[in-house]
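Engineer: Residue-level listing of the chains:
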Amino acid sequence: MTVVAERAGGQGTVRRLAGALHRRPRLRLALLLTAPLLWLTVLYLGSLAVLFVSAFWTTNSFTSQVVKVWSTDNFHELLTTPVYRQVILRSIGVALAVTVLCAVIAFPLAFYTARVARPKWRPLLVVAILTPLWASYLVKVYAWRLILSEGGLADWMLKPFGAGGPGFGLPATVLTLTYLWLPYMILPIHTALEQLPANLLDASADLGARSWRTFRSVVVPMVLPSVAAGSIFTFSLSLGDYITVQIVGGKTQLIGNVVYSNIELNLPMAAALGTVPVVVIVVYLLAMRRTGALSSL
Amino acid sequence: MEGIAIRLQDLRKSFGETTAVAGVDLEIRDGEFFSMLGPSGSGKTTVLRLIAGFETPTAGGIELAGQEVTGLAPFERDVHTVFQDYALFPHMTVEQNVAYGLKIRKVPKAERLVRARKALAEVRLEGFGARRPAQLSGGQRQRVALARALVGRPRVLLLDEPLGALDLKLREQMQVELKELQREVGITFVFVTHDQQEALTMSDRIAVFDQGRIQQVGTPAEIYERPATPFVASFVGTSNLIEGESAQRVVGAPGVYSIRPEKIRVLKESAESDEPEHATATGTVAEVVYLGDTTRFLVDLDAGGRLTALQQNLETSAEDVAAYRGTRVRLQWHHRHTVRVPDTR
Chain A
1 MTVVAERAGG
11 QGTVRRLAGA
21 LHRRPRLRLA
31 LLLTAPLLWL
41 TVLYLGSLAV
51 LFVSAFWTTN
61 SFTSQVVKVW
71 STDNFHELLT
81 TPVYRQVILR
91 SIGVALAVTV
101 LCAVIAFPLA
111 FYTARVARPK
121 WRPLLVVAIL
131 TPLWASYLVK
141 VYAWRLILSE
151 GGLADWMLKP
161 FGAGGPGFGL
171 PATVLTLTYL
181 WLPYMILPIH
191 TALEQLPANL
201 LDASADLGAR
211 SWRTFRSVVV
221 PMVLPSVAAG
231 SIFTFSLSLG
241 DYITVQIVGG
251 KTQLIGNVVY
261 SNIELNLPMA
271 AALGTVPVVV
281 IVVYLLAMRR
291 TGALSSL
Chain B
1 MEGIAIRLQD
11 LRKSFGETTA
21 VAGVDLEIRD
31 GEFFSMLGPS
41 GSGKTTVLRL
51 IAGFETPTAG
61 GIELAGQEVT
71 GLAPFERDVH
81 TVFQDYALFP
91 HMTVEQNVAY
101 GLKIRKVPKA
111 ERLVRARKAL
121 AEVRLEGFGA
131 RRPAQLSGGQ
141 RQRVALARAL
151 VGRPRVLLLD
161 EPLGALDLKL
171 REQMQVELKE
181 LQREVGITFV
191 FVTHDQQEAL
201 TMSDRIAVFD
211 QGRIQQVGTP
221 AEIYERPATP
231 FVASFVGTSN
241 LIEGESAQRV
251 VGAPGVYSIR
261 PEKIRVLKES
271 AESDEPEHAT
281 ATGTVAEVVY
291 LGDTTRFLVD
301 LDAGGRLTAL
311 QQNLETSAED
321 VAAYRGTRVR
331 LQWHHRHTVR
341 VPDTR
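Same order as they appear, the protein sequences are chains A and B.
Position 135 (the first sequence) corresponds to 135 in full-length UniProt numbering; numbering is contiguous.
Position 43 (the second sequence) corresponds to 43 in full-length UniProt numbering; numbering is contiguous.
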């Protein structure tokens with residue numbers, strides 16, 4: 001009897017608590033969100049703030065010690081030194097090239113997986129697109145190093161045509177990054193194409209449009225937000241990468257590896273460089289927001 | 001003599017094992033409001049899609065205005081379609097949607113705008129051109145779809161249950177407007193519906209479909225008053241058939257007969273039927289359904305079978321008619337309303 005009574009009492013407390021929380025939705029929300037919000041603000045935004053602040057410090061050029069004196073020298077140097085300008089522009093160029101290549105390759109692939117392939121094969125094809133993501137990033141990049149190395153697969157395959165592989169360098173970097181991030185572009189486009197109502201295509205044909213016209217006037221504009229959504233992944237992932245370029249990039253310098261090589265010698269300079277991709281990506285996101293990409297993520 | 005807008009010859013369509021259209025022959029005249037009526041799965045929508053060119057027939061031929069179009073793509077046919085769920089392009093404004101077909105046909109921009117505005121005015125949507133389809137109500141989207149299909153002045157307009165998604169009041173209003181619009185523009189309308197009331201209200205002629213075949217083609221009055229098969233008699237209007245033994249006893253001959261409920265008068269059993277041109281049958285009222293303007297009596301006949309009779313509530317009210325439940329009555333109707341239905345079952 002007492003056990004039953006105790007259980008009932010225990011339940012009563014829980015019930016009262018649940019009831020109290022139910023009547024105070026704000027308190028409930030606060031309890032739910034405090035921990036993740038702390039994580040986000042302190043660790044994530046906090047470290048970003050530290051990065052930004054330290055970009056305004058300088059170093060003692062003899063000892064490489066950080067000198068906490070407020071100055072804009074780093075940014076000044078960044079914008080006036082031709083090498084840094086080149087590296088920044090090259091990095092943005094690589095990110096854009098990877099994004100465009102991904103979009104161009106992903107569209108027909110997604111069109112096939114979403115609308116041409118037999119419906120029963122479609123889930124399998126999606127899995128096939130995703131499988132490369134299961135393998136380690138490093139393994140894939142080293143695989144590409146093997147493919148692109150002298151006398152490697154690329155050389156061997158292009159030899160009959162009197163050409164050679166691209167070797168290590170900027171093209172190899174773009175190629176490898178395109179391979180790495182392609183699934184992130186295919187998936188949103190696949191989803192958008194799959195959800196495209198068939199009767200919109202019927203309606204377009206009904207009003208006199210041939211297939212190409214329907215593709216241009218109906219399919220592409222309706223899928224474009226998803227291309228933009230995919231491009232957010234490919235662009236930002238490419239802009240932040242510094243390992244791929246080290247492995248297959250030869251002597252190519254991108255923001256990522258310049259930051260990496262500066263960390264030991266000149267931390268404030270590395271921080272200043274590090275803010276560049278953050279700013280670029282914020283600008284890119286603002287541009288993409290206009291296309292409606294953020295709502296199709 | 002008016003021309004033939006659409007001619008279907010032994011049209012057939014199968015999807016794998018299922019036969020959607022099992023041999024349809026049909027002629028639709030120029031300028032006609034023609035309805036294809038039938039339950040879902042009867043093949044009416046497939047016939048419409050075959051005419052539009054979205055499906056290719058398994059066998060048979062389609063002619064549009066005397067020209068063979070069976071193998072042609074939708075964009076090669078002078079027909080436009082109003083889709084059941086409108087199929088408006090969400091990324092275009094209302095005006096761009098309406099002008100889409102004109103743009104494809106390379107109509108100059110200025111003329112395009114003028115014609116799109118005029119088409120929107122025809123469906124009473126002036127001033128909505130700059131909106132997106134998502135900002136419109138269901139009824140307004142319906143009108144945009146109509147304007148988009150009409151602006152190119154096709155030879156034939158195909159409408160696939162266009163009023164199905166609207167609520168009753170709006171639907172009744174649109175029925176009247178559609179009919180008016182069709183008279184104004186003079187284009188042949190082919191209207192697919194499962195709603196017999198809608199088909200009867202709007203059509204010049206109706207084809208009743210069942211199981212991939214046409215059961216009957218005729219004017220609303222012909223379809224309603226002279227159903228050609230038991231299916232038509234029961235699908236259009238209230239099913240009111242007497243057959244077999246009870247037909248022998250009531251009508252005096254075997255067969256299947258249809259008597260429309262509103263033609264039958266409900267009298268007291270004692271009332272003498274002295275008029276020789278009237279048929280009569282006695283029975284017991286099994287159920288009384290008060291409908292406001294009318295009352296529906298379900299009467300079990302002494303001769304077997306059940307008939308429904310519909311009476312205007314001229315002087316009676318809900319309580320008066322309720323008193324009829326379980327009483328003995330005499331049903332009476334004019335002989336000419338006993339319609340023999342060829343038994344095709």
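Please keep in mind that the hints were generated in silico from the structure rather than gathered at the bench.
One or more hints might be untrue.
Interface residues of chain B toward chain A, partial, derived using beta-carbon atoms under 7 Å [said to hold, decoys possible]:
| id | residue |
| --- | --- |
| 1 | Phe54 |
| 2 | Gly101 |
| 3 | Tyr290 |
Glycine included, every Cβ here is placed at the ideal spot set by N, Cα and C.
Engineer: Next step is simple, just say for each hint if it's right about the structure.
Structural biologist: A quick look at each hint next to the structure:
no., hint, verdict
1, Phe54, "5 Å, holds"
2, Gly101, "4 Å, holds"
3, Tyr290, "43 Å, violated"
When held up to the earlier numbered hints, the structure conflicts with hint 3 and nothing else.
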